[in-house]
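Undergrad: Chains S and X supply the protein sequences, listed in that same order. The opening residue of the first sequence carries number 9 in the numbering used here; numbering runs sequentially from there. The opening residue of the second sequence carries number 9 in the numbering used here; numbering runs sequentially from there.
Be aware that one or more of the hints could be misleading.
One copy or two, it doesn't matter: identical chains are merged, so the pair holds either way.
[Said to hold, decoys possible] Below 27 Å or equal to it, Euclidean Cα-Cα: the simulated DSS-like pairs (lysine-lysine) are:
(1) K74 to K63
(2) K148 to K74
(3) K82 to K148
(4) K121 to K30
(5) K63 to K30
(6) K148 to K121
(7) K74 to K136
(8) K148 to K30
Hints were generated in silico from the structure; no laboratory data involved.
Protein chains: 2
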Amino acid sequence: MRGNLPSNRTRGFAHERDLARKFYDHGFAVMRAPASGSKAKHLQYPDLIAIYQGKIIACEVKTTRKFRAIYIDKYQVDKLKEFVNRSGGEAYIAIKIIGSSDWFFVPLDQLEKTERGMYKVTRDNLSKGIRLEALISIVKGVKRLIDFTK
Amino acid sequence: MRGNLPSNRTRGFAHERDLARKFYDHGFAVMRAPASGSKAKHLQYPDLIAIYQGKIIACEVKTTRKFRAIYIDKYQVDKLKEFVNRSGGEAYIAIKIIGSSDWFFVPLDQLEKTERGMYKVTRDNLSKGIRLEALISIVKGVKRLIDFTK
């Protein structure tokens, strides 16, 4: 009964809500974008912003079933860049590996451009992504990035 | 034809969108809350947040046709307080006087509690509210509050 299965879109929102809740439970202020689905809106928002005492994280949220390269539309990367240029803070592609509880955060400067004008998180860059727990600790000043990479 | 007139709610959203656009045009990153209308959601968002280089403004948006006292539900004030406790920054009630182009920003510490457990912006505190233009200049560091009050 295919009609009873949640769509990719619905499932994506469920994961996004889960991510919002995790940031919230760690003391962050969180705001999710209105679910528009339209590219034509005047003001473009990131999927999710999480703020802790003036430190701002803006994310586009992606899900994948496998550890593989992830492709992202140019307009999504552009709106993230525009947002953090204005707000300050940092922008990430937040990637959920479905079936695990892991979230990986890949900074925008690690995206690669594809020949078709999209952006790509390579499998290698995905595997080097910052885990949610590490990101939260870094933002809250508990640990430094180096503590997680050595 | 009453049915063809926009509802208060629809009109409120139009003004909120207008405010978002004004902040955006002055270089702020802006995000409006999803229009839920529900108090029962797990994570409560302000109506609007506007951020400029790490400086965060969170607002509940109200409209009025007359220069009069404005009443605000306790849960709306509580969610604003909670948000800025987490995010840092400042929280305001943003009040649009319909028919003028003016927006007045009243800080939370100027709200008064009513006997029925609501909050109130008195007519006097509304008239002392910070104008949008002044707020933007203050946040951007162009002017100080004192420049507008003397």
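Undergrad: The structure should be examined with respect to each hint, and the outcome stated for every one.
TA: How the hints compare with the structure:
1. K74 to K63: neither (31 Å within a copy, 38 Å between copies)
2. K148 to K74: Neither. Shortest intra-copy (30 Å) and inter-copy (44 Å) distances fail the 27 Å Cα cut-off.
3. K82 to K148: Result: close neither inside a copy nor across copies, 30 Å intra and 30 Å inter.
4. K121 to K30: So K121 and K30 fail the 27 Å test inside a copy (30 Å) and across (33 Å) alike.
5. K63 to K30: both (16 Å within a copy, 24 Å between copies)
6. K148 to K121: Intra 32 Å, inter 34 Å, cutoff 27 Å: neither.
7. K74 to K136: Result: close within a single copy only, 15 Å intra versus 57 Å inter.
8. K148 to K30: within (14 Å within a copy, 32 Å between copies)
In this structure, the hints that do not hold are numbers 1, 2, 3, 4 and 6, in rising order.
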